[in-house]
Amino acid sequence: MSTTTIRIEEALKARIAAAAERVGKSSHAFILDALSDTVERVEMDEELHRLADERWAALMQTGESVSWTDAKAYLLARAAGKKPRRPSARKPVR
Numbered sequence: 014m015s016t017t018t019i020r021i022e023e024a025l026k027a028r029i030a031a032a033a034e035r036v037g038k039s040s041h042a043f044i045l046d047a048l049s050d051t052v053e054r055v056e057m058d059e060e061l062h063r064l065a066d067e068r069w070a071a072l073m074q075t076g077e078s079v080s081w082t083d084a085k086a087y088l089l090a091r092a093a094g095k096k097p098r099r100p101s102a103r104k105p106v107r
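Letter 79 of the sequence shown, counting from 1, is numbered 92 in the numbering used here, and no numbers are missing.
Any given hint might turn out to be false.
[As the list claims (entries may be wrong)] Below, a list of computed lysine to aspartate or glutamate pairs in the DMTMM-like style, where the Cα atoms sit at most 20 Å apart: (1) Lys96 <-> Asp83; (2) Lys38 <-> Asp50; (3) Lys26 <-> Asp50; (4) Lys104 <-> Asp83.
Hints are computed from structural coordinates only; laboratory data are not their basis.
Note that the structure is a prediction, hence the values are computed from the model and not measured.
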């Protein structure tokens, strides 16, 4: 494992130490957890945006989507423990 040096303002350093103590960790472990959590959040955000871009491209290519009424009914049924059929994507009727 390599070592990285970071400069932390005294006020933030004190806040980190206090927060780490409250959760029963060393400042070092607290900082590592914070870094890991931040990296994970950024990676999840990137994956969400990638998936959204992919789905938007598919929508633009096919013009097909699931109506909010159908999607809502499906999600409510799933939340109620039922196993409904997934709604079909269709081109909107104008």
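A quick look at each hint next to the structure:
no.: 1; hint: Lys96 <-> Asp83; result: 14 Å, holds
no.: 2; hint: Lys38 <-> Asp50; result: 15 Å, holds
no.: 3; hint: Lys26 <-> Asp50; result: 18 Å, holds
no.: 4; hint: Lys104 <-> Asp83; result: 13 Å, holds
The structure fails none of the hints (numbered hints given earlier).
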